[in-house]
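Peer 1: Residues per chain are reported as follows:
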Amino acid sequence: MDITEYIKLVFSDYTLRTITLGTAILGAVTGMLGSFAVLRKQSLLGDAISHAALPGIALAFLITGAKDSNTLLLGALVSGLIGTFWIRGIITKTHLKSDTALGLILSLFFGFGMLLLTFIQKQPNANQAGLDKYLFGQAATLVVSDVWLMAIVTGICLMVLLLFWKEFKILLFDADYTKTLGFNTKFIDVLITTFIVLAIVLGLQTVGVVLMSALLLAPAAAARQWTNSLSTMILLAAVFGAFSGVFGTAISASQNNLSTGPIIVLVAAVFVVFSFVFSPSRGLLFKQIRFIKNRRDLELNKTLAFMYHIAETHENISHPHAIKILNNFQGYTRGSLQKLVKKNYVKLDGNMWSLTEEGFKTACNLYNQQTDE
Amino acid sequence: MNSAQIEIQLIASLVAIACAIPGTFLVLRKMAMISDAISHSILPGIVIGFFITQDLNSPLLILLAALTGIVTVILVEYIQKTGLVKEDTAIGLVFPALFSIGVIMIAKNANDVHLDVDAVLLGELAFAPFDRLLISGVDVGPKSLWIIGSILIVTVALLITFFKELKVSTFDAGLAASLGFSPAIIHYGLMSVSSITTVGAFDAVGAILVVALMIAPAATAYLLTTDLKKMLALAITFGVFGAISGYWFAHWLDASIAGSITSMLGLLFLIVYLFAPRKGIVAVLYREKQQRTEVSLLTFLLHLKNHSEEEERHVNHLNEHINWQKVRSKTVLELALKNNMILIKNNIVSLTEKGDDFTSQAIDYIITNEDAEIEHMKDDFFLFRG
Chain P
1 MDITEYIKLV
11 FSDYTLRTIT
21 LGTAILGAVT
31 GMLGSFAVLR
41 KQSLLGDAIS
51 HAALPGIALA
61 FLITGAKDSN
71 TLLLGALVSG
81 LIGTFWIRGI
91 ITKTHLKSDT
101 ALGLILSLFF
111 GFGMLLLTFI
121 QKQPNANQAG
131 LDKYLFGQAA
141 TLVVSDVWLM
151 AIVTGICLMV
161 LLLFWKEFKI
171 LLFDADYTKT
181 LGFNTKFIDV
191 LITTFIVLAI
201 VLGLQTVGVV
211 LMSALLLAPA
221 AAARQWTNSL
231 STMILLAAVF
241 GAFSGVFGTA
251 ISASQNNLST
261 GPIIVLVAAV
271 FVVFSFVFSP
281 SRGLLFKQIR
291 FIKNRRDLEL
301 NKTLAFMYHI
311 AETHENISHP
321 HAIKILNNFQ
331 GYTRGSLQKL
341 VKKNYVKLDG
351 NMWSLTEEGF
361 KTACNLYNQQ
371 TDE
Chain Z
1 MNSAQIEIQL
11 IASLVAIACA
21 IPGTFLVLRK
31 MAMISDAISH
41 SILPGIVIGF
51 FITQDLNSPL
61 LILLAALTGI
71 VTVILVEYIQ
81 KTGLVKEDTA
91 IGLVFPALFS
101 IGVIMIAKNA
111 NDVHLDVDAV
121 LLGELAFAPF
131 DRLLISGVDV
141 GPKSLWIIGS
151 ILIVTVALLI
161 TFFKELKVST
171 FDAGLAASLG
181 FSPAIIHYGL
191 MSVSSITTVG
201 AFDAVGAILV
211 VALMIAPAAT
221 AYLLTTDLKK
231 MLALAITFGV
241 FGAISGYWFA
251 HWLDASIAGS
261 ITSMLGLLFL
271 IVYLFAPRKG
281 IVAVLYREKQ
291 QRTEVSLLTF
301 LLHLKNHSEE
311 EERHVNHLNE
321 HINWQKVRSK
331 TVLELALKNN
341 MILIKNNIVS
351 LTEKGDDFTS
361 QAIDYIITNE
371 DAEIEHMKDD
381 FFLFRG
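Those protein sequence lines, which keep their order, are chains P and Z.
Each residue of the first sequence is one higher than the one before, starting from 1 at the first, in UniProt numbering.
Each residue of the second sequence is one higher than the one before, starting from 1 at the first, in UniProt numbering.
Just to be clear, a hint being listed does not mean it is correct.
Unchecked claim - The list that follows gives simulated cross-link-like pairs (lysine-lysine, DSS-like), each with its CA atoms no further than 27 Å apart:
id, chain 1, residue 1, chain 2, residue 2
1, P, Lys97, Z, Lys378
2, Z, Lys30, P, Lys41
3, Z, Lys86, P, Lys166
4, P, Lys93, Z, Lys378
5, P, Lys97, Z, Lys229
6, P, Lys186, Z, Lys86
7, Z, Lys289, P, Lys179
8, P, Lys293, Z, Lys81
9, Z, Lys108, P, Lys97
10, Z, Lys81, P, Lys41
11, P, Lys97, Z, Lys167
12, P, Lys97, Z, Lys81
13, P, Lys93, Z, Lys30
14, Z, Lys108, P, Lys287
15, P, Lys186, Z, Lys289
16, Z, Lys86, P, Lys41
17, P, Lys93, Z, Lys86
18, Z, Lys164, P, Lys97
19, Z, Lys289, P, Lys93
20, Z, Lys167, P, Lys93
21, P, Lys186, Z, Lys279
22, P, Lys133, Z, Lys378
23, Z, Lys81, P, Lys287
24, Z, Lys30, P, Lys347
25, Z, Lys30, P, Lys97
26, Z, Lys279, P, Lys41
27, Z, Lys86, P, Lys179
28, P, Lys93, Z, Lys108
In case anyone wonders, no lab produced these hints; they're calculated from the structure.
Only chain P is shown next, with the shape it has when bound in the complex:
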């Protein structure tokens, strides 16, 4: 299937259109909220919540006996929130650290959920099939009403974000200061946590429990590399998330036997790797280039300073010296000498070098700067 054909299909085919739209919205909202999770150093909270939602789904099914996806999501939301606040309780009230609390709640809730699921499977109720799609996610089960739900939640989330923008922002970067200003930090905190839980719960059906946390983190971590401004980061994260959803769906639709969730996660991971390497200010590539450039400059200056010390002992600064003398000093290379010549600091004459007036002055200043500091 080539690209134009695929694009045509997206607009004409109901299922494909629904899934593409659903994953795009999901990616956008998780990217948006994930930024907060990453900046608040709660990156793994997503992982814990997505696991903690499972018993809620199972219990909601056990109580209502119906597989209505909204009821199940409500159950997931409730148990996700219970898990989150229990994690917080463990961290604040005991000496157990946050990673222990996260791992504990994650595994205990998920295990309890598994117990309930196997218990449900033994029940004489034909309805239970398909509950396990919440474990691994199945984008193909998305229907238009799910997409509408996602869109509405995203809209509400966006509105709340704009309404409390100032509070969110200040809470992120200086929680204590926020408190002294008289903001109700607890309320803002609960609000943002609730939205994160909500976004995760929405994604469970599409990408599943295990991969949901990646969708929350990856776009935000990628976006963080490109900017230092919160609003730009959130915007970028939403875009990365949406694109991960769209590309992931496209790739998985173009081939057989490719589940959508893992592909979306891998596409998001590609965004992350690309950002880690190529971001201009923080990226590994440019950092390495800057590092090499700085090292070269340093070597150049070292060579120049060494020459200056030799030249200093002579009355005529341009007194020629054998290039061999520089051999005692390891910082010099042919290249660095050539560069110095180019800058008109040094004159090369066969195997003899001599400092120029300009080179002497520069080296002198270099030396002064060094001693000044």
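Here the structure of chain P is known, so what remains is to put chain Z in place on it, guided by the hints.
Peer 2: Structure of chain Z alone, referenced to chain P:
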């Protein structure tokens, strides 16, 4: 109890012990989430091993999977060292990516091989006794029993040999380095053991139960003791208790054994979390309330000492001037009376000699602010606590 039941309980208990030992150190080193990451990211290792050998029980699978686990740890550390993201984000990025690769590899080849994500992730302890190890035709027991048994023996041997090193490097990495044993070797040793244990155990019980068995017993034990040896012993006890009680719970419910072992561990943690003698929620809340009352009492006594005039020492004044509600004033007054620190005559409160003495010392403490003397003082003076 038939022999299969005994075997299942034996396997579950051995897995619990094998997990509790590295788990204790992971919890103490604040690396609990690494076990979750490893348990997911070993999937591609297993799948590759399975493609090569076409046998789910081949030792190559365990080797490759354990290697993938260590690769995960190295990747997380590499990403963290670049300084681009924090450690937890690094963990959260690495393992879902590796897990996704594993899932895709399974999905792409699912037509011709028998390997299921569910089976790998969730495991089924109930089937363990059916997979026997035959040595020259003689049945010597279930395979998982041998696998987990040997892992446990190695773990215990390593624990005994390197106990001192582990202990020092866990609590003071700098001291460990200066004493001459490299924290890096200990770190990677521990990671390798965790990785191998995870692989060996999750073949039998599934990924999530491995995480639960590593973290939950250790965390529960940590709420009860701060002594490393006691913590290890308690964690092992809790793990085995969870394994055996969980098995019978599952038997009664006719549900997943792994799930019900986890649930039992959860229940155990909840009970300890609420009722642990010193660190449980009830104890903490009680202590906080006690301290609040005692601080109020101290404030009140200081107030009395500062004011000789009668109207400042009237009982009603407590409610009006200091703004305490009736209940609180009553508790504070009662506590002070019980401890012989005040006298009340005609609703006028005055300090006794003992109360005066205590308050003077408290003022000294507040001025000099030396250590936690105030707790000793409370012990000396108080017959009854708040």
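Peer 1: Decide, hint by hint, whether the structure agrees.
Peer 2: Structure-based check of all given hints:
For a cut-off of 27 Å, the pair hint linking P/Lys97 to Z/Lys378 is broken: about 31 Å separates their Cα positions. This hinted pair checks out: Z/Lys30 and P/Lys41 have alpha carbons roughly 15 Å apart, not beyond 27 Å. Restraint check for Z/Lys86 and P/Lys166: satisfied, since their Cα atoms lie roughly 25 Å apart, inside the 27 Å limit. About 24 Å separates the Cα atoms of P/Lys93 and Z/Lys378, which keeps this hinted pair within 27 Å; it holds.
At roughly 20 Å between alpha-carbon atoms, P/Lys97 and Z/Lys229 fall within 27 Å of each other, so this suggested pair holds. In summary, the hint linking P/Lys186 to Z/Lys86 is supported, as the alpha carbons are separated by about 25 Å, within the 27 Å threshold. At most 27 Å may separate the alpha-carbon atoms for a hinted pair to count; Z/Lys289 and P/Lys179 meet this at roughly 24 Å. Restraint check: the Cα-Cα separation between P/Lys293 and Z/Lys81 comes to about 21 Å, which is no more than 27 Å; the hinted pair holds.
Simply put, Z/Lys108 and P/Lys97 have alpha-carbon atoms about 40 Å apart, too far for the 27 Å limit, and the pair is violated. A C-alpha spacing of about 16 Å is found between Z/Lys81 and P/Lys41, which places the hinted pair at or below 27 Å, so the restraint holds. Our distance criterion of 27 Å between C-alpha atoms is met by P/Lys97 and Z/Lys167, whose separation comes to about 18 Å. With a C-alpha separation of about 22 Å, the suggested pair P/Lys97 and Z/Lys81 falls inside the 27 Å cut-off, and the hint holds.
A C-alpha spacing of about 17 Å is found between P/Lys93 and Z/Lys30, which places the hinted pair at or below 27 Å, so the restraint holds. Straight-line distance between C-alpha atoms of Z/Lys108 and P/Lys287 comes to about 38 Å, which puts the hinted pair past the 27 Å bound. A hinted pair counts as satisfied when its Cα atoms are at most 27 Å apart, and P/Lys186 with Z/Lys289 qualifies at roughly 22 Å. A distance of roughly 7 Å separates the Cα atoms of Z/Lys86 and P/Lys41; the hinted pair therefore holds under the 27 Å criterion.
Between the alpha carbons of P/Lys93 and Z/Lys86 the distance comes to roughly 25 Å, so the proposed pair stays at or under 27 Å and holds. For a cut-off of 27 Å, the pair hint linking Z/Lys164 to P/Lys97 stands: about 23 Å separates their Cα positions. At roughly 14 Å between alpha-carbon atoms, Z/Lys289 and P/Lys93 fall within 27 Å of each other, so this suggested pair holds. Proximity of Z/Lys167 to P/Lys93 is assessed by CA-CA distance (about 26 Å); at most 27 Å being required, the pair is judged to hold.
Our distance criterion of 27 Å between C-alpha atoms is met by P/Lys186 and Z/Lys279, whose separation comes to about 24 Å. Of the pairs offered as hints, the one joining P/Lys133 and Z/Lys378 is violated, with about 59 Å between alpha carbons and a cut-off of 27 Å exceeded. Between the alpha carbons of Z/Lys81 and P/Lys287 the distance comes to roughly 13 Å, so the proposed pair stays at or under 27 Å and holds. For the hint pairing Z/Lys30 with P/Lys347, the CA-to-CA distance comes to about 60 Å; that exceeds 27 Å, so the pair is violated.
Note on Z/Lys30 and P/Lys97: the hinted pairing holds, with a Cα-Cα distance of about 7 Å set against a maximum of 27 Å. Under the criterion of a C-alpha separation no larger than 27 Å, the hint pairing Z/Lys279 with P/Lys41 is consistent with the structure, at around 26 Å. Proximity of Z/Lys86 to P/Lys179 is assessed by CA-CA distance (about 25 Å); at most 27 Å being required, the pair is judged to hold. Proposed proximity of P/Lys93 and Z/Lys108 is contradicted: the alpha carbons are some 47 Å apart, above 27 Å.
Of the numbered hints listed earlier, those contradicted by the structure are 1, 9, 14, 22, 24 and 28.
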